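Letter by letter, the chains look like this.
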Amino acid sequence: MRRSITLRLLALALAGLVLGGVPALAQSSESDTFRIGLIAPTTGPFAAFGQMQTEGSVLALEQFNYEVNGHTVEFIIEDTRLNGEIAVDKSRKLDEEDNVHVIVGPTSGGVGLSVLDWARDSGVPVIMSYSAPEDITMRLAVRNVVRNSWTGAQPMDPFGYWVATELGYKRIYMIGEDYSYPYNQAGGFKRGFCRGGGEEVTTVWHPVPTEDYSSFIARIPRSGYDAVLYNGAGSDAVAFVNQYIEFGMLDVYPLLGQSNTFEQGDLPAMLPEAVGGISAMQYVETLQTPDFQAFRDAYVERWGRVPAAAAEHTYTAIVMILRAVETLEDINDRDALIEALRATDYPDAPRGGFYLDEYANPVHNIYIREVREVDGQLMNFGIVRIPEVSQFGPYDPATYMAQPIDARDYPSDLCAEFPPEMLAVEEVYEFIPME
Amino acid sequence: MTADRGRRRTLLTVALVAVVGAVLVSFPSWLPPYYLTTVIRILFYSMLAMSLSFLAGQGGMISLTQTGLFGLAAYVLAILSVHYELPFPFPLLIALAGTLVVALAFGLISIRTYGTYFLILTLALGQILWAIAQQWTSMTEGFDGIQGARAPIIGGISFQEPANFYWVLLVVFLACFFLLRAVVRSPFGLALRGTRDSHVRMAALGFSVPRIRLTAFMIAAVPAALAGIFFVQFTGIITPVTLDLDRTVWILLIVILGGVGNLGGTVIGVFIALMFEVVVTRFTDRYLTAMGITFLLLVLFAPNGITGAVEGLKRRLDRSRRATPTPAPSDGPPERGPR
Numbered sequence: 001m002r003r004s005i006t007l008r009l010l011a012l013a014l015a016g017l018v019l020g021g022v023p024a025l026a027q028s029s030e031s032d033t034f035r036i037g038l039i040a041p042t043t044g045p046f047a048a049f050g051q052m053q054t055e056g057s058v059l060a061l062e063q064f065n066y067e068v069n070g071h072t073v074e075f076i077i078e079d080t081r082l083n084g085e086i087a088v089d090k091s092r093k094l095d096e097e098d099n100v101h102v103i104v105g106p107t108s109g110g111v112g113l114s115v116l117d118w119a120r121d122s123g124v125p126v127i128m129s130y131s132a133p134e135d136i137t138m139r140l141a142v143r144n145v146v147r148n149s150w151t152g153a154q155p156m157d158p159f160g161y162w163v164a165t166e167l168g169y170k171r172i173y174m175i176g177e178d179y180s181y182p183y184n185q186a187g188g189f190k191r192g193f194c195r196g197g198g199e200e201v202t203t204v205w206h207p208v209p210t211e212d213y214s215s216f217i218a219r220i221p222r223s224g225y226d227a228v229l230y231n232g233a234g235s236d237a238v239a240f241v242n243q244y245i246e247f248g249m250l251d252v253y254p255l256l257g258q259s260n261t262f263e264q265g266d267l268p269a270m271l272p273e274a275v276g277g278i279s280a281m282q283y284v285e286t287l288q289t290p291d292f293q294a295f296r297d298a299y300v301e302r303w304g305r306v307p308a309a310a311a312e313h314t315y316t317a318i319v320m321i322l323r324a325v326e327t328l329e330d331i332n333d334r335d336a337l338i339e340a341l342r343a344t345d346y347p348d349a350p351r352g353g354f355y356l357d358e359y360a361n362p363v364h365n366i367y368i369r370e371v372r373e374v375d376g377q378l379m380n381f382g383i384v385r386i387p388e389v390s391q392f393g394p395y396d397p398a399t400y401m402a403q404p405i406d407a408r409d410y411p412s413d414l415c416a417e418f419p420p421e422m423l424a425v426e427e428v429y430e431f432i433p434m435e
Numbered sequence: 001m002t003a004d005r006g007r008r009r010t011l012l013t014v015a016l017v018a019v020v021g022a023v024l025v026s027f028p029s030w031l032p033p034y035y036l037t038t039v040i041r042i043l044f045y046s047m048l049a050m051s052l053s054f055l056a057g058q059g060g061m062i063s064l065t066q067t068g069l070f071g072l073a074a075y076v077l078a079i080l081s082v083h084y085e086l087p088f089p090f091p092l093l094i095a096l097a098g099t100l101v102v103a104l105a106f107g108l109i110s111i112r113t114y115g116t117y118f119l120i121l122t123l124a125l126g127q128i129l130w131a132i133a134q135q136w137t138s139m140t141e142g143f144d145g146i147q148g149a150r151a152p153i154i155g156g157i158s159f160q161e162p163a164n165f166y167w168v169l170l171v172v173f174l175a176c177f178f179l180l181r182a183v184v185r186s187p188f189g190l191a192l193r194g195t196r197d198s199h200v201r202m203a204a205l206g207f208s209v210p211r212i213r214l215t216a217f218m219i220a221a222v223p224a225a226l227a228g229i230f231f232v233q234f235t236g237i238i239t240p241v242t243l244d245l246d247r248t249v250w251i252l253l254i255v256i257l258g259g260v261g262n263l264g265g266t267v268i269g270v271f272i273a274l275m276f277e278v279v280v281t282r283f284t285d286r287y288l289t290a291m292g293i294t295f296l297l298l299v300l301f302a303p304n305g306i307t308g309a310v311e312g313l314k315r316r317l318d319r320s321r322r323a324t325p326t327p328a329p330s331d332g333p334p335e336r337g338p339r
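For the protein sequence lines, the chains are V and D, in the order given. For the first sequence, my numbering assigns the number 1 to the initial residue and increments by one for each residue that follows. For the second sequence, my numbering assigns the number 1 to the initial residue and increments by one for each residue that follows.
What the hints contain is simulated information worked out from the structure, not anything from laboratory work. Keep in mind the model is a prediction, meaning the values are calculated, not measured. Beta carbons: idealized from backbone N, C-alpha and C, even for Gly. It cannot be assumed that every hint is accurate.
[Claimed, not checked] Now the in silico label distances, taken between C-beta atoms and shown as ranges:
1) 249/D <-> 211/V: 14 to 24 angstroms
2) 211/V <-> 289/D: 27 to 37 angstroms
3) 276/D <-> 399/V: 49 to 59 angstroms
4) 148/D <-> 403/V: 18 to 28 angstroms
5) 289/D <-> 302/V: 22 to 32 angstroms
6) 399/V <-> 148/D: 19 to 29 angstroms
[Said to hold, decoys possible] Covered by chain V, per the in silico footprint, the following chain D stretches (three or more residues, Cβ under 8 angstroms):
7) 24 to 38
8) 139 to 149
Input sequences plus hints: build the corresponding full structure.
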């Protein structure tokens, strides 16, 4: 008896599958719409990112009236839950069922690498709008994957150089989150810092997440360093910065951050003494340029809050796509679309103009930012602009990519142990004061 | 007359099996590609869920280590084939063997505990595997996981082709399904259920309870490891998220949804959970909420899962049919409920 019930249920399940499959067949995509898929974490602990990415995309699409070259633009959002496996499945779904022309999105490093792995086989154009592992546009680069955001080391190399040359620091104590994005940020910082004449970046890693930093802070020697750099983000950064302040450490060493330590979304949770925290990124929420102000005003009007980097990066990704499509004769010509995307030059981007290098990663401004208090609110303000920073910093791509990938224990903490070819290069950075 | 009826039923069963078999085998030729992808996911997650369903239903061992073993097999295969570039059969065989060795160690640690203690202990063991995946960064790449594992190409046949991959997976899946079913129906299965219902009495009857439980644990590790192997070759990636508590609980819920211990029900549970994802996400972002409510209703109104509910309904129908004095066929005794 049991068997036949099971079999019948299985048969029922099959019937369900057939019925489920029929609408999919029926809704085979129309050829005159241009379809964009967004994969983002719209549920789970990173849903705030997904929301900003969605809002940025929708703002751009509305400015184009969901229309390009006389074709209607269709926009499909899928949830990744910040899980690489789900992201790959959703990318498959967007490709095989929705027949999207291009996918935008991956939010974290792991998800980005997973989608890259899928894109290599499927050939679907993908724009990495927030995922930062450098190899996506370096050692593992593929033609159909472009990035409009950044690599972990990209803002940190000029930052390290600036800290060494302009602030004159020689020894830094760095505490960081133990995973690949902070490794890459640390690598970039060390390279710039050592070239600029720094001596040592003592590096300590902590597990993600950590709530209590007392043992880490207690271990910081009270003399012999010029500054502490916290190389982490999110709730870890809030906890670390606040405990650093409460332990009175600001009287011992000034505090520097990685690119995301003083994220505008996390600043409200930090103590007012966080004022003065310095970090570097390609985005600053108080930029005083017409392009940025126009974007920010439109965003605030549409969504009622100030956009963060994640919102700008998907906004520009959508604009990049639609501008590329405008140059196409046939919207279904995938090769032409990829070529147009790789040739992106976007002089009026809100964050400041950028273009893509030959590996399809943006060359753009890096801003050195300082946390200040305005009307009781903490915000980042740009203090120095460094134009046209590439993912390779001042190095030529071949030299850079011949180095091992940044890891927990690479590059060395001691500048004296750096390979000579990483120290002896012509400097290209120009530091322009912003006030 | 009775023989005739029996033959007719056998014939019907054979016909049904033939039709289901034909449909299963022919999927790649007519299913839209994304639905074939979904069927592939249903199959490997079913193997994982069956592993837990078998342990929990037959042995009373609610093991939260099964996703850990699934992930371990996937990691071993990915590390050997991506980092060490070993040729085809070796990563697969070492992944399977390695996972079974770890399962043996875990089994030896946990089989002497029962009920909640077993659950907590296996939870801890599973989480150890997750923590290793997360933190042994030089080997596992930590957070980011390992990308690039692929199904092999053997003698010119590419198993990266979804159709070929599916057929191999289908064969392995059916083998696991029917072997597990055979175990359930064997004297060993009976002894296992004995240890579930009263391990003290089984010990008093002279059975070696630990040996029976350990054997069951090892048997269950096989489909979990195989599922992990198929999983990583299909998705191409393995990250710690796959081993985390969310996934473990997800599988447990699926087993409860299908009806604990019922292998066919477990497959249906996976089918429903995945189709839910695929279909409901079309309409709303809040599909997790919808799924949560479904599970809640299920636990309230059908605590034995879908198959339990269907069987209960059928029993009640049978009873009411017998109660109404319709001229029943004179041959054979009235049908009894299941079991």
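Range hint compliance [Cβ, residue 276/D to residue 399/V, 49 to 59 angstroms]: At 51 angstroms between Cβs, range holds.
Outcome of range test on Cβ distance (residue 399/V, residue 148/D; 19 to 29 angstroms): Between residue 399/V and residue 148/D, where Cβ atoms are some 25 angstroms apart, the hint holds.
Within 8 angstroms of chain V (C-beta), three or more residues of the stretch 139 to 149 of chain D: holds (count 7)
Outcome for the supplied range 27 to 37 angstroms, where the beta carbon pair is residue 211/V and residue 289/D: holds (28 angstroms)
Annotated coverage of the stretch 24 to 38 of chain D by chain V, confirmed only when three residues or more have a Cβ within 8 angstroms: Holds, because 7 residues of the stretch 24 to 38 of chain D bring their Cβ atoms closer than 8 angstroms to Cβ atoms of chain V.
Consistency of beta-carbon spacing, residue 403/V to residue 148/D, with hint 18 to 28 angstroms: holds (21 angstroms)
Cβ separation of residue 249/D and residue 211/V, checked against the hinted range 14 to 24 angstroms: About 23 angstroms separates the Cβ atoms of residue 249/D and residue 211/V, which means 14 to 24 angstroms holds.
Range agreement (Cβ of residue 302/V with Cβ of residue 289/D, hint 22 to 32 angstroms): holds (26 angstroms)
Checked against the numbered hints above, the structure violates none of them.
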